[in-house]
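The listed protein sequences correspond, in order, to chains A and B. Note that our numbering numbers the first sequence so that position 52 is 52, with each residue one more than the last. Note that our numbering numbers the second sequence so that position 88 is 88, with each residue one more than the last.
One should not assume that every hint holds.
Capping the alpha-carbon separation at 25 angstroms, the derived lysine to any residue pairs in SDA-like fashion look like this [stated by the list, open to error]:
| no. | chain 1 | residue 1 | chain 2 | residue 2 |
| --- | --- | --- | --- | --- |
| 1 | A | Lys-7 | B | Lys-49 |
| 2 | B | Lys-49 | A | Ala-101 |
| 3 | A | Lys-108 | B | Gly-41 |
| 4 | A | Lys-45 | A | Ser-75 |
Read the hints as simulated data drawn from the structure, not as lab findings.
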Amino acid sequence: MTVFQKKLWIGLVVMAILSPLGIYLPRRFGAEDAWGEWGVETIRKMLGYVPEGMRRMADFWKAPVADYNFGGEGSAFSIQVLSYIISGLIGIAAGGVVLYALSRVLMKRKIR
Amino acid sequence: MCHEGAAFVVFYLEVTMHIPDGYLSPQTFIPLYGVSAGFIGLALRKMKKELSHKQIPYLAMAAAFSFLIMMFNIPIPGGTSGHAVGGAIIAILLGPWVAVVALSVVLIIQALIFGDGGITAIGANCFNMAVVMPFVSYWTFRIIRGKEKAGLRTLAASFLAGYVGLSVAALFAGIEFGIQPIIAAGPDGRPLYAPYPLSVAVPAMAFQHMLLFSVIEGMVTAMLLKHFMKNEAELIYAMREDRD
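Given only the sequences and the hints, what does the whole structure look like? Please build it.
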């Protein structure tokens with residue numbers, strides 16, 4: 001790995017550590033409602049009803065770490081912050097592994 | 001109520017650059033699955049031919065970078081928040097086709113593991129952020145940079161690549177939302193999916209990005225390109241002589 005590449009990786013880890021700013025700032029400036037899922041209830045409040053297809057499909061998938069939060073809805077802010085950092089690291093790892101494996105396969109096929 | 005509705009649509013459409021399940025009708029999300037799958041297939045073929053050893057270490061970094069920058073939700077005080085995508089710099093450094101694959105992988109991971117963006121909407125989200133954005137950004141950069149070597153014009157081109165790329169991606173998302181009431185209404189005339197018309201959805205998506213998030217995408221793109229021009233100039237796909 002070159003020095004430049006090492007620096008970039010360090011930058012990415014720093015980004016992951018700072019990432020909770022992405023939940024803190026919206027909350028600080030009163031934009032927190034924008035974050036996360038808009039429950040069917042919120043939509044009912046605004047529209048007066050819930051569109052039929054939306055109601056049917058909204059809970060189509062139960063994500064293992066919904067909203068980058070291991071603590072679930074309503075968990076303490078400290079848990080959210082920690083979850084967010086860990087999610088960032090999982091993201092780095094998962095994306096890295098998939099793309100590394102993919103590039104290995106593509107390069108191998110090329111040589112043959 | 002009308003005013004409330006407008007305020008609501010502004011905040012709820014905003015973060016839905018990652019469109020959730022239930023907002024798009026099957027008539028919309030199924031074709032977009034097809035289009036995105038087609039582009040990913042083409043991109044993999046292209047990568048098989050062109051991918052160089054020099055690019056490989058940067059593939060994983062590109063995915064990591066995009067994943068992380070999308071976690072930085074930036075508020076517009078008082079209501080909404082959104083984020084940059086990182087698609088422009090990836091398209092400039094590694095080429096638009098590599099960007100299609102790297103960004104698609106990120107978006108699929110976000111949907112499956114973190115519920116950020118719907119499962120039914122993976123095709124739509126990939127189309128907006130992993131297909132439209134990299135190609136618009138890449139060609140904006142190439143056209144505006146013209147034949148300049150490496151100066152102010154190149155940096156301006158990279159800023160605009162980010163700015164225009166993200167704005168057009170947001171515009172597409174706005175269109176996808178806005179056509180829902182037209183193409184999918186129940187027998188009672190009520191919309192079945194995203195309820196707001198084009199006249200509300202398109203400005204809500206496009207203007208907010210043009211106001212803030214696209215500016216950030218542009219600045220990040222220019223800043224990173226500057227670093228790469230100094231440290232790893234031969235890597236930069238959009239500035240290589242032998243590309244295409």
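inquiry  = What's the verdict on Lys-49 (chain B) and Ala-101 (chain A), does the C-alpha distance respect the 25 angstroms limit or exceed it?
reply    = holds (17 angstroms)
inquiry  = Just to be careful, I want the Cα atoms of Lys-45 (chain A) and Ser-75 (chain A) compared with a cutoff of 25 angstroms; is the pair within it?
reply    = Answer holds: Lys-45 (chain A) to Ser-75 (chain A) is near 24 angstroms, not above 25 angstroms.
task = Take a quick look at whether Lys-108 (chain A) and Gly-41 (chain B) sit within 25 angstroms of each other, Cα to Cα.
result = The given pair, whose Cα atoms are some 17 angstroms apart, holds under the 25 angstroms limit.
inquiry  = Tell me if the straight-line CA distance from Lys-7 (chain A) to Lys-49 (chain B) falls inside 25 angstroms.
reply    = violated (29 angstroms)
Consistency note: the structure conflicts with earlier hint 1 alone.
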